[in-house]
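If you read the sequences in order, they're chains C and Z. Following numbering that gives the first Met the number 0, the numbering of the first sequence begins with 0 at its first residue and continues without gaps. Following numbering that gives the first Met the number 0, the numbering of the second sequence begins with 0 at its first residue and continues without gaps.
Treat the hints as calculated values from the structure; they're not laboratory data. Wrong hints could be hidden among the right ones.
List time: in silico BS3-like cross-link candidates among lysine-lysine, alpha-carbon distance up to 27 Å [claimed, not checked]:
#1 208/C / 241/Z
#2 208/C / 221/Z
#3 43/C / 54/C
#4 208/C / 240/Z
#5 240/Z / 145/C
#6 113/C / 138/Z
#7 138/Z / 240/Z
#8 240/Z / 194/C
#9 241/Z / 145/C
Small disclaimer: the values here were computed from a predicted structure and weren't measured.
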Amino acid sequence: MLSRKLSVFCVVTACLVVLGLGLTPPAASATPDPTEQLRPFLKKVTDTLADPGLKTIPKKDQAERLVGVVRERFDFREMSKRVLGQQWRKLDAPQQARFEDLFTDLLQYAYVGKIEEYSGQTVEFVQQRIKANRAEVQTLLVDKDKSIPVSYIMLLHGQDWMAYDIVVEGVSLVRNYMEQFSEILRKDGYPGLLKQIEEKVRQFEQETKRT
Amino acid sequence: MLTPRVQLFVLRLLLCLSLTWAGPAAAVDYLDDAAYEETAAEANVPDPIEPFNRAMFAFNDTLYVWVLDPVATGYSKVLPADIRGCIGNFFSNLAEPVRSVNCLLQGRFRDSGLALSRFAINSVCGVFGLADPASKEFKIAPVRASLGETLGVWGLGDGFYLVVPFMGPSTLRDFTGDVVDSIARSSYAPWNDDFTTSATVYGSNSINRVSLHLGEYEEMKKLSFDPYVAFRNGYFQLREKKRDHLE
Numbered sequence: 000m001l002s003r004k005l006s007v008f009c010v011v012t013a014c015l016v017v018l019g020l021g022l023t024p025p026a027a028s029a030t031p032d033p034t035e036q037l038r039p040f041l042k043k044v045t046d047t048l049a050d051p052g053l054k055t056i057p058k059k060d061q062a063e064r065l066v067g068v069v070r071e072r073f074d075f076r077e078m079s080k081r082v083l084g085q086q087w088r089k090l091d092a093p094q095q096a097r098f099e100d101l102f103t104d105l106l107q108y109a110y111v112g113k114i115e116e117y118s119g120q121t122v123e124f125v126q127q128r129i130k131a132n133r134a135e136v137q138t139l140l141v142d143k144d145k146s147i148p149v150s151y152i153m154l155l156h157g158q159d160w161m162a163y164d165i166v167v168e169g170v171s172l173v174r175n176y177m178e179q180f181s182e183i184l185r186k187d188g189y190p191g192l193l194k195q196i197e198e199k200v201r202q203f204e205q206e207t208k209r210t
Numbered sequence: 000m001l002t003p004r005v006q007l008f009v010l011r012l013l014l015c016l017s018l019t020w021a022g023p024a025a026a027v028d029y030l031d032d033a034a035y036e037e038t039a040a041e042a043n044v045p046d047p048i049e050p051f052n053r054a055m056f057a058f059n060d061t062l063y064v065w066v067l068d069p070v071a072t073g074y075s076k077v078l079p080a081d082i083r084g085c086i087g088n089f090f091s092n093l094a095e096p097v098r099s100v101n102c103l104l105q106g107r108f109r110d111s112g113l114a115l116s117r118f119a120i121n122s123v124c125g126v127f128g129l130a131d132p133a134s135k136e137f138k139i140a141p142v143r144a145s146l147g148e149t150l151g152v153w154g155l156g157d158g159f160y161l162v163v164p165f166m167g168p169s170t171l172r173d174f175t176g177d178v179v180d181s182i183a184r185s186s187y188a189p190w191n192d193d194f195t196t197s198a199t200v201y202g203s204n205s206i207n208r209v210s211l212h213l214g215e216y217e218e219m220k221k222l223s224f225d226p227y228v229a230f231r232n233g234y235f236q237l238r239e240k241k242r243d244h245l246e
């Protein structure tokens with residue numbers, strides 16, 4: 000009688016152990032925390048901006064150094080893909096790569112101005128939201144007399160959260176460019192768009208040379 | 000005053016609204032791919048008078064670059080930022096009763112009470128609304144509401160996109176709402192309601208606002224391919240965000 004009870008007990012325990020093992024996910028696949036990944040990254044960006052050595056090198060090098068740092072947590076390919084919308088799928092691989100390079104150049108020149116503007120603003124983390132492999136990390140850029148809400152929209156690549164959109168004061172950078180690009184695409188087609196971005200990049204290039 | 004029948008009607012109306020108000024204010028979820036599709040909400044408001052709007056945009060741009068920006072820059076050098084912040088608070092506090100009524104009309108009863116509490120606290124403890132102890136000490140965040148939004152909640156469409164001279168991006172419905180809101184505000188404002196005084200007050204408020212955001216307009220213009228489209232899109236994105244009270 001006792002041995003029978005014991006054997007039932009053993010079977011039940013064994014089942015529980017097997018089930019339990021099956022249910023606990025292996026430690027490696029646990030989702031990393033987006034805020035914890037973004038925090039050291041933004042620290043690195045502000046450190047780079049605050050570095051007095053940065054302002055002594057030529058403008059073009061400044062921009063390249065900043066983009067080098069930003070690339071760590073920004074997925075420019077995903078950004079390019081979203082900013083083009085349906086047009087992206089119509090391009091072949093080399094065309095996509097070309098657009099990605101051009102769009103990265105554009106953002107690089109656009110944000111080189113931030114180096115001069117930077118005057119010790121700090122970043123505060125507000126909250127985060129995760130939905131499957133997407134995350135939104137809400138932060139506040141705190142300045143002397145105001146603070147600006149900035150959200151980072153991120154996608155999980157393996158173990159890394161990579162940002163593909165910034166929402167500044169409620170305006171998404173990608174959605175804003177997307178609407179401008181879609182109007183140009185409608186009027187002048189993809190070659191026209193490419194030409195306009197090249198033109199804008201050239202314009203920025205000349206401006207940075209002049210100063 | 001009101002006959003019971005009218006009271007019943009208003010009550011029913013409010014009840015219907017409170018049941019349906021969440022509809023038009025649906026939040027944009029950036030974690031959802033739909034937020035990045037080409038049929039974005041901002042594209043749904045038509046722009047049939049684009050040539051007129053572009054002309055008005057150019058007019059406002061000239062006004063900004065040659066008048067508002069230089070004046071506001073000088074002004075910002077004369078007055079320190081905290082005093083300019085106080086002036087902004089003062090104008091914002093004056094609009095609190097109008098906000099409260101709009102919240103009520105939208106069925107946001109809690110927000111309506113909060114706006115009124117903010118008005119009472121800031122007018123008394125904040126020296127006529129110059130300071131904002133309601134946010135800082137009482138932790139009551141500012142409430143946003145306008146008649147344009149109320150009309151939207153009631154099911155009235157935007158009409159079309161409209162760039163208003165001196166004021167900037169709006170829609171036919173929202174601009175109509177803003178005009179009515181400002182008439183309502185001036186009915187209890189502490190100054191005369193003749194045109195010169197109102198225009199001066201509006202102008203000083205604008206200069207004060209610009210002085211707190213110097214450089215942002217140029218920055219956005221520099222980064223865009225078609226500033227007209229960029230600002231139209233920015234306006235609708237910002238409006239969507241401001242009217243998302245579900246957070």
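Evaluation of the provided hints:
1. 208/C / 241/Z: violated (40 Å)
2. 208/C / 221/Z: holds (17 Å)
3. 43/C / 54/C: Since the Cα atoms of residue 43/C and residue 54/C sit roughly 16 Å apart, the hinted pair holds (cutoff 27 Å).
4. 208/C / 240/Z: With a Cα-Cα distance of about 39 Å, the restraint between residue 208/C and residue 240/Z is violated, given a limit of 27 Å.
5. 240/Z / 145/C: Since the Cα atoms of residue 240/Z and residue 145/C sit roughly 19 Å apart, the hinted pair holds (cutoff 27 Å).
6. 113/C / 138/Z: violated (33 Å)
7. 138/Z / 240/Z: holds (21 Å)
8. 240/Z / 194/C: Status violated; Cα separation ~33 Å.
9. 241/Z / 145/C: Answer holds: residue 241/Z to residue 145/C is near 18 Å, not above 27 Å.
Figure legend: structure checked against the earlier numbered hints; hints not met, in rising order: 1, 4, 6 and 8.
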